[in-house]
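Go ahead and model the full structure; you've got the sequences and the hints to work with.
There are 2 protein chains.
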Amino acid sequence: MAVFEKLTHICSATESGLSSTLFNSPPFQSFTVFLLEISHSPFFNPPPPSGSGFAPIDRIVSLELPLVDPEAESFKSGSNGAENEVVVAGFVLFFPNYSTFLAKPGFYVEDLFVRECYRRKGFGRMLLSAVAAQAVKLGYGRVEWVVLDWNVNAIKFYEKMGAKVLPEWRICRLTGDQLEAYRDAM
Amino acid sequence: MAVFEKLTHICSATESGLSSTLFNSPPFQSFTVFLLEISHSPFFNPPPPSGSGFAPIDRIVSLELPLVDPEAESFKSGSNGAENEVVVAGFVLFFPNYSTFLAKPGFYVEDLFVRECYRRKGFGRMLLSAVAAQAVKLGYGRVEWVVLDWNVNAIKFYEKMGAKVLPEWRICRLTGDQLEAYRDAM
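One line per chain: the protein sequences are A and H, in this order. Each number in this note's numbering corresponds to the 1-based position in the first sequence with 158 added. Each number in this note's numbering corresponds to the 1-based position in the second sequence with 158 added.
Accuracy of the hints is not assured; some may be wrong.
Note: identical chains are not told apart, hence a pair may lie in one copy or across any two.
Claimed, not checked - Calculated cross-link-like contacts (lysine to aspartate or glutamate; reagent style EDC-like; alpha-carbon spacing at most 16 Å):
no.: 1; residue 1: Lys318; residue 2: Glu229
no.: 2; residue 1: Lys322; residue 2: Glu338
no.: 3; residue 1: Lys279; residue 2: Asp227
These are calculated hints, taken from the structure and not from any lab test.
And the structure:
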């Protein structure tokens, strides 16, 4: 994703950094990830972990062309109980935000990513739809995310999904040494 | 705030809406508000509620001109134990966000508001600094918020505080009927 967004210079994530900061809370209360897992044979879903409040969503998709994943081995995510392996094809990471104008929570989508060989098959729409459906289910007021203004394909895709791109708002970011300067501010 | 931002048409908050969706979690884990309370006489701070992990920050400010608050009665927030009343002069509402590029949480500031008669006295800076200091204390990587591109005074203020305004990113928003359409999407 950092490569695609031409932002590798600000990407400093490591596996241990991600492990220690994610997956510490029940789904939807804080940072939440929907993983897109794909297999050539049907899934036998285990019951959802007790108290999670969320059962995996199962979908059968028929593709016109056979799908070849050159990195399947690296992205293997265990077995589905049948003979074909399960591969992670994408993810969406989101968390609650809040609008005082609506007096309601919403979801903010930090990342929506589908691996290259799985693109243009409706999987991105599937991931974002799952977040939107969950927001409606919880009575939330908005789903928001950001897009780079030169990413016209993404903008078209988001608008087709019913989103509005807000032209007037700009993101302000305090980070690095400028943030560190506030250590003893209060 | 909605009046100032020329956004009253999208403001549908009510007191009961706010009450039922805020103040349900320990500070910093979810939606958090720092209230700016002002009194002419010193505060006698009670000990912080056990387990909250946050003690009120106390500051003495000397102003050149006497401060007249025509709405003091409406914004009264109890007594500070002395003879002068305590008034709410502003607030900042923020909550955790997450950067996969940093593999770290941050804070997103949804609202920063100081009531009109208290402006241009450093209170806005005080509220935002308190959020930034808390972010540093927790080892977080960023503090972010948004600004309207025509609000040049705010932009100057934020840049003086060390923030960068990101020119390329645009907010996408799925709300109202367009969001509701996803109720049965999954």
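Check: Which holds for lysine 318 with glutamate 229 at a C-alpha limit of 16 Å: within a copy, between copies, both or neither?
Finding: Answer is neither; intra-copy 30 Å and inter-copy 47 Å both fail.
Check: Which holds for lysine 279 with aspartate 227 at a C-alpha limit of 16 Å: within a copy, between copies, both or neither?
Finding: within (14 Å within a copy, 60 Å between copies)
Notebook entry, point to check: Using 16 Å as the alpha-carbon threshold, which applies to lysine 322 and glutamate 338: within, between, both, or neither?
Noted result: between (35 Å within a copy, 14 Å between copies)
Of the numbered hints given earlier, the model fails hint 1 alone.
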